[in-house]
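Visitor: Okay, here's what each chain looks like letter by letter:
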Amino acid sequence: MSNDGSADLVQLLTPEGERRKHPDYRCDLDDAAIRDLYRDLVLTRRIDTEATALQRQGELGIWASLLGQEAAQIGSGRALRPQDHAFPTYREHGVAWCRGVDPLRLLGLFRGVDQGGWDPRETNFHLYTIVIGAQTLHATGYAMGIQRDGAVGTGDADRDAAVIAYFGDGATSQGDVNEAFIWASVLNAPVVFFCQNNQWAISEPIERQSRIPLYQRAMGFGFPGVQVDGNDVLACHAVATAALQRAREGQGPTLVEAFTYRMGAHTTSDDPTRYRLSGDLEHWKLKDPIARVKAYLSRGGGADEAFFADVEAESGSIAQRLREGCLSMPDPHVLDIFDQVYAEPTDELARQKEQLATYLAGFETGDGAVSA
Amino acid sequence: MTQLTLAKALTSGMRAAMESDPKVLIMGEDVGKLGGVFRVTDGLQKDFGEDRVIDTPLAESGILGTAVGLALRGYRPVCEIQFDGFVYPAYDQIVSQVAKMRFRSQGRLSMPIVIRIPFGGGIGAVEHHSESPEAQFAHTAGLKVVACANPADAYWMIQQAIASDDPIVFLEPKRRYWEKAEVDESATPVPLHSSRIVREGDDVTVLAYGPMVKTSLEAAIAAGEEHKSLEVVDLRSLSPLDMDPVLASVRKTGRAVVVHEAVVNLGLGAELAARISEDAFYALESPVLRVGGFDTPYPPSRIEEEYLPDLDRVLDAVDRALAY
Chain A
1 MSNDGSADLV
11 QLLTPEGERR
21 KHPDYRCDLD
31 DAAIRDLYRD
41 LVLTRRIDTE
51 ATALQRQGEL
61 GIWASLLGQE
71 AAQIGSGRAL
81 RPQDHAFPTY
91 REHGVAWCRG
101 VDPLRLLGLF
111 RGVDQGGWDP
121 RETNFHLYTI
131 VIGAQTLHAT
141 GYAMGIQRDG
151 AVGTGDADRD
161 AAVIAYFGDG
171 ATSQGDVNEA
181 FIWASVLNAP
191 VVFFCQNNQW
201 AISEPIERQS
211 RIPLYQRAMG
221 FGFPGVQVDG
231 NDVLACHAVA
241 TAALQRAREG
251 QGPTLVEAFT
261 YRMGAHTTSD
271 DPTRYRLSGD
281 LEHWKLKDPI
291 ARVKAYLSRG
301 GGADEAFFAD
311 VEAESGSIAQ
321 RLREGCLSMP
331 DPHVLDIFDQ
341 VYAEPTDELA
351 RQKEQLATYL
361 AGFETGDGAV
371 SA
Chain B
1 MTQLTLAKAL
11 TSGMRAAMES
21 DPKVLIMGED
31 VGKLGGVFRV
41 TDGLQKDFGE
51 DRVIDTPLAE
61 SGILGTAVGL
71 ALRGYRPVCE
81 IQFDGFVYPA
91 YDQIVSQVAK
101 MRFRSQGRLS
111 MPIVIRIPFG
121 GGIGAVEHHS
131 ESPEAQFAHT
141 AGLKVVACAN
151 PADAYWMIQQ
161 AIASDDPIVF
171 LEPKRRYWEK
181 AEVDESATPV
191 PLHSSRIVRE
201 GDDVTVLAYG
211 PMVKTSLEAA
221 IAAGEEHKSL
231 EVVDLRSLSP
241 LDMDPVLASV
251 RKTGRAVVVH
261 EAVVNLGLGA
271 ELAARISEDA
281 FYALESPVLR
291 VGGFDTPYPP
301 SRIEEEYLPD
311 LDRVLDAVDR
321 ALAY
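Just so you know, the protein sequences line up as chains A and B, in that order.
Residue numbers for the first sequence, in my numbering: 1 to 372.
Residue numbers for the second sequence, in my numbering: 1 to 324.
Okay, chain A solo, but in the shape it has when bound (with noise of 0.2 angstroms):
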């Protein structure tokens, strides 16, 4: 498959910043969401490079970065209305920044402090999802919920609503992805099916999961399937928001496969040396989803220097308090994971919780378990 994705895709940015048009989708964002959507963008990647850092540190058990995958999360994140739910991976930490989730609370999971440290009640963006593809299940249960309260095609803005499953181009492989493409197109669920392909599934390349551009799947499942530049962000959120309307009409799925790529590793632990070309990276390099709306906005006179010193500084100081909370970050207590696992709690737990507390309890007054 081509490095540069099909015919098909489409583009409202180039890598050198020149606006393009399309028949189907345009952007109508004027030069000031166009900064916001750069500071989104800039601010993400800062999230991101300060968890590696930290990881590298010893401060994080693992870390899975977006590098590269920036504008696919922000141009779609920012499509959303505030009543619409996302399902993420564990990897789409620019679309909690849209969510409104502190990014602090991204890096529990990966420090290992808890397993999931906002609620998805308040933010509408549901926990990070590591079992491959699950959450797609869950993203068109979610919206054939939604189907039932009458929230779907009533004209109100306010009221409609969809959701978005995130998931990636190895997770098409798996039978929940293609289960979760079933239910929503016989359904009609109100769900878009937001598919970054960043071309790499650990080591195994696209070409190991699809012999076709994976937006071409959708025909076969009965909805629309568009492939999107993955890293133009005006074009993940045109596209993003068209689908996204789509099914708040009751119009059903749509899948978008944001063709981009992972810069980065897979997480941490990962060594993509072993695996793949330098040569590919300096050809993704060059379609960077940053420098090309930093082209785009001081060609264009969108934006001057103190705007990029202005978010230059931000992203400094979100990365000293992302640094500074982390490390700060309290470990949980062991005596409290007894009490979360039920609604109501079993006499075997309490008795558990019981043994252990009086076991622990032994140590502090030193005539516990190691005495004779």
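Hints were generated in silico from the structure; no laboratory data involved.
The reader is advised that the hints may include incorrect statements.
For each label pair, taking beta carbons as the anchor points, the in silico distance ranges come out as [stated by the list, open to error]:
| id | chain 1 | residue 1 | chain 2 | residue 2 | range |
| --- | --- | --- | --- | --- | --- |
| 1 | A | 269 | B | 306 | 51 to 59 angstroms |
| 2 | B | 266 | A | 358 | 25 to 33 angstroms |
| 3 | A | 350 | B | 139 | 16 to 24 angstroms |
| 4 | A | 175 | B | 224 | 27 to 35 angstroms |
The beta-carbon is built from N, C-alpha and C at its ideal position, and this holds for glycine as well.
Given the coordinates of chain A, work out where chain B should sit on it, guided by the hints.
Guide: Okay, now just chain B, sitting in the frame of chain A:
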């Protein structure tokens, strides 16, 4: 009081739950027009509509995965898995998502999902239609597992399971679906996660659940004719186990035999034997014995009667326990 089969008692219980809470949904393969392959959801779609009784695509992982999403949206899905041996495609969603969501979210998110599974053998079915996978779910933290054994329990336990904010694997003894008994819809049910003495006796405690409760009661009658007095406990809840009645009974009889169709290796019997030895060690006159399926896959149906525990195998274990 109404005479109901176990299957109709379940239908009646689900109907009551759907009437009292509009968030209760039924979903599964063939649960709508057909009323399920065992007719347990018969008539529900006609009365509650296609939005609440959902004929799903034929994909078990899809059933459970979308139930997770519906639960997150505030619904209470009751999922039917058509047969025990077909639950495995949904295993990941059940074990990795349904069971762990509350824990993952530090108690913020509830999964009020009921997973109904007709389980066990004895109906002469082909492969995958006669299995007893309960231990795999009882072994999973975050799930609760119950099994009904008679129409009255079926009627009440399904309603209690649906009302629970915890995910519950609800096992239905398929070979007992057609057995009739009185159901008192005005009674006050015992708590869902309680075990119950269903026949009192003095010599040996027989622990059973689901389809083996009836087998054990029949064994107790036969043993009585030989002047051996069996106390039969219907466990009802497999996770959590309600051990107090079990331990009280064992302290009285000094002997325990566990009966289940599932393979013995690492089955419920192993856990019960361990708990009894931990908490009633000095009361025991004999080791806790287990009667169950052999450690083979479920056999072709022409020989299933020889594979499944029956009255004689229960009595054989009772005799071995008494011989200590």
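Visitor: Would you say the C-beta atoms of residue 350 of chain A and residue 139 of chain B sit inside 16 to 24 angstroms of each other?
Guide: Holds, since residue 350 of chain A and residue 139 of chain B (Cβ atoms, about 19 angstroms apart) stay within the stated range.
Visitor: For the range 25 to 33 angstroms, tell me whether the beta carbons of residue 266 of chain B and residue 358 of chain A fit it or not.
Guide: holds, 29 angstroms
Visitor: Residue 269 of chain A and residue 306 of chain B, beta-carbon distance inside 51 to 59 angstroms?
Guide: holds, 52 angstroms
Visitor: Per the hint of 27 to 35 angstroms, is the separation of the Cβ atoms of residue 175 of chain A and residue 224 of chain B within bounds?
Guide: violated, 52 angstroms
Hint 4 alone, counting from the list given before, is not met by this structure.
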